[in-house]
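A.B. asks: First to last, the protein sequences are chains A and B. For what it's worth, the UniProt record's numbering labels the leading residue of the first sequence as 1, then goes sequentially. For what it's worth, the UniProt record's numbering labels the leading residue of the second sequence as 1, then goes sequentially.
The reader is advised that the hints may include incorrect statements.
The list makes no distinction among identical chains, and a pair is therefore deemed to hold if it is satisfied within one copy or across any two copies.
Result set (SDA-like, lysine to any residue): computed pairs, CA atoms no more than 20 Å apart in a straight line [as the list claims (entries may be wrong)]: (1) 333 / 155; (2) 205 / 72; (3) 408 / 348; (4) 187 / 6; (5) 49 / 282; (6) 167 / 242.
No lab work stands behind these hints, which were simulated from the structure alone.
There are 2 protein chains.
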Amino acid sequence: MSEVIEKGKAAKKASYEMTGISTKEKNTALALIAEQIVADQAIILEENKKDIENGKERGLSTAILDRISLSEERIKAMAEGVIQVTELVDPIGETLETIEKNNGIKILKQRVPLGVVGMIYEARPNVTIDAAALTLKTGNTVILRGSSSARFSNIALISSIHRALEKSSVPVNAVQLIEDTNRETAKELFRLNDYLDVLIPRGGKNLIDTVVREATVPVIQTGAGNCHIFIDESAENDMAQEIILNAKLQRPSVCNAIETILIHSNWFEQHGIELLKELQAHDVEIYGDEAIHNAFPNSKLATEEDWYTEYLGLSVSIKVVDSVETAIQHINKYGTKHSEAIITNDEHHARMFLQNVDAAAVYHNASTRFTDGFEFGYGAEIGISTQKLHARGPMGLHALTSTKYVIKGTGQIRK
Amino acid sequence: MSEVIEKGKAAKKASYEMTGISTKEKNTALALIAEQIVADQAIILEENKKDIENGKERGLSTAILDRISLSEERIKAMAEGVIQVTELVDPIGETLETIEKNNGIKILKQRVPLGVVGMIYEARPNVTIDAAALTLKTGNTVILRGSSSARFSNIALISSIHRALEKSSVPVNAVQLIEDTNRETAKELFRLNDYLDVLIPRGGKNLIDTVVREATVPVIQTGAGNCHIFIDESAENDMAQEIILNAKLQRPSVCNAIETILIHSNWFEQHGIELLKELQAHDVEIYGDEAIHNAFPNSKLATEEDWYTEYLGLSVSIKVVDSVETAIQHINKYGTKHSEAIITNDEHHARMFLQNVDAAAVYHNASTRFTDGFEFGYGAEIGISTQKLHARGPMGLHALTSTKYVIKGTGQIRK
Chain A
1 MSEVIEKGKA AKKASYEMTG ISTKEKNTAL ALIAEQIVAD QAIILEENKK
51 DIENGKERGL STAILDRISL SEERIKAMAE GVIQVTELVD PIGETLETIE
101 KNNGIKILKQ RVPLGVVGMI YEARPNVTID AAALTLKTGN TVILRGSSSA
151 RFSNIALISS IHRALEKSSV PVNAVQLIED TNRETAKELF RLNDYLDVLI
201 PRGGKNLIDT VVREATVPVI QTGAGNCHIF IDESAENDMA QEIILNAKLQ
251 RPSVCNAIET ILIHSNWFEQ HGIELLKELQ AHDVEIYGDE AIHNAFPNSK
301 LATEEDWYTE YLGLSVSIKV VDSVETAIQH INKYGTKHSE AIITNDEHHA
351 RMFLQNVDAA AVYHNASTRF TDGFEFGYGA EIGISTQKLH ARGPMGLHAL
401 TSTKYVIKGT GQIRK
Chain B
1 MSEVIEKGKA AKKASYEMTG ISTKEKNTAL ALIAEQIVAD QAIILEENKK
51 DIENGKERGL STAILDRISL SEERIKAMAE GVIQVTELVD PIGETLETIE
101 KNNGIKILKQ RVPLGVVGMI YEARPNVTID AAALTLKTGN TVILRGSSSA
151 RFSNIALISS IHRALEKSSV PVNAVQLIED TNRETAKELF RLNDYLDVLI
201 PRGGKNLIDT VVREATVPVI QTGAGNCHIF IDESAENDMA QEIILNAKLQ
251 RPSVCNAIET ILIHSNWFEQ HGIELLKELQ AHDVEIYGDE AIHNAFPNSK
301 LATEEDWYTE YLGLSVSIKV VDSVETAIQH INKYGTKHSE AIITNDEHHA
351 RMFLQNVDAA AVYHNASTRF TDGFEFGYGA EIGISTQKLH ARGPMGLHAL
401 TSTKYVIKGT GQIRK
């Protein structure tokens, strides 16, 4: 039996055992995990060093090496994250609806775990701990499939988790790692319909596209954010400049940073050059349409491809448009349905934009950078869903749950 | 451009136009559809006759011919169904959460349409009208792909819908039918990720398995119901007999009818033969395990395959088990996670069963036949979901909606 199928079976079995585990037992297990990874930090850091060395040999970029890198501080932060999860309300068992029928039957709609969650992710070993904590809190079991670049770190972290779970009443197989990082194990996971209730990919566009194309198990799409801000004719200059700089520069590598700016032609005539200069002063490379390129020769001329591009860095596409309608059409065509904003003093235009732009989060006069589970007050985030089924936008604990109808009768039959 | 892509594009465009349509306008359009199909019944029945004749030539079973068959009464019932949908509360626009942050930002989680819904279904032309009504009420647009066996009927029905929509403010392309019923058009629909937000298959196991295996668009699995009832040691004889007969016989061809009975050995010793005789008196063919077969030679010996089988007719598999645990294990192994029941006077066993059986609906002392959107009071049903993401169990209007975060600021940026 392959590693994936073996672990799938064990995860399914453990998920049935989880139905009997109380909130208190789950929180105790989480606290033990937090304790254990700190206690084991010497081994974890040693294994992490192997990944870093391998990564350097393979020529991984500094950015990726930084994502893989662990330190005492980072391990401490991971442990604190786990403790925070113990403080969140346990959603499992909550009754969402009660239906009483004339014949005396009582129907309760209750929140239950999804069952077995698969997570496939790149680089970041902290996802190993995050995902374990959130799935465990929601009574799920999880099969983790990290990337080869963090393999030693992930194996060390999973050993710590298992040492912690052995002291708890949660089954050890509630959290498992696929250690073989060959492409074939990912593909097996994509088609593990017998054991997996959902697969959540976390990573770049390529990973997510591959999963969507190849998976037969249910998938929650996350992440890709080709986000836009539209500066309308009536936008206040100061507000527009401040929001644009925040959304582009506060953390350019994340999914809720903006990649394209759409500017109303009248606003551009008055304030456009000032904004372009400001962006350039912050080392932002500008890919403009013809209007931008003509008015500001220091920019590059954008290609069709550029409007689709999530730069995740110090580049931005900019286009001059003649109306809010054109802006909405552009966003619905090129966007990834993540976070989209309008800056305007015109309430009617704001309403049109908020209603007609098809995205998980739509903003009026605020930075797109707020799309985040912690910012929304969910206390945790398993990712940001850009699809419309099940969960949309920042996913907290509820996204890891399903429901079940529990029907209590006294012998009722259907007439 | 292929028919599927052309209609996909038109559906997406129409779905953006739907954001501006009010509840009143949607209800008016629905009333016009109800009126039109009654007004057009002569043409519809004539086209339906062609399907029936073709079906007879192709040797379709009486059961399938009955599903395809329309009559004045059935058209009237379809029209009444549409009118009932006008009376349901419109879920679109409802605010599900309001989050106000210290910085003054206001985050509203609002219910929105899914966008473009694909429906692929077999035989029953009434699904054409049902699906059109429910998707339209929820502000979605829909692409319907019926089977070749009901092609003429579906084309006639869609013409009536279009004649009705032309008189309304809902775009005509809100409801479209793929007229080419070649297998290739189904496959195109499976992979129409650019235009389709969800695909809902309604039909037999083969159709659903194919969609799950081949689709890259998000899918809601519906339907297949290999449902069980477990008669526990302490079950009252009268109640058990009555519930079993109801769940097996009241309508054997539907998904919430039972296919397997599990019987505690002690109960079987006392009342088993009486139950088997009763079933046989109702022409039910019995596939029993060895214990059943030995005690009741009038039964057939069940094969491993039989425990997986959804007979949808006058057959049933029966097994004697020694505990509630064994019953739960059997159901979790062979069931399709639809509807499962325990008959018992032991509250502890009931709790174990309700908690540990992994299914959309779990029953204590009642017939599984209640799993139904109308019985649950949802006023409508787009199908019964047997998966855990997005919707589980009977799906009413809410299952055809998603959510969107609408964020209103006054210039806030992330610190």
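A.B. asks: If you check each hint against the structure, which ones fail?
C.D. replies: Violated: hints 1, 2, 5 and 6.
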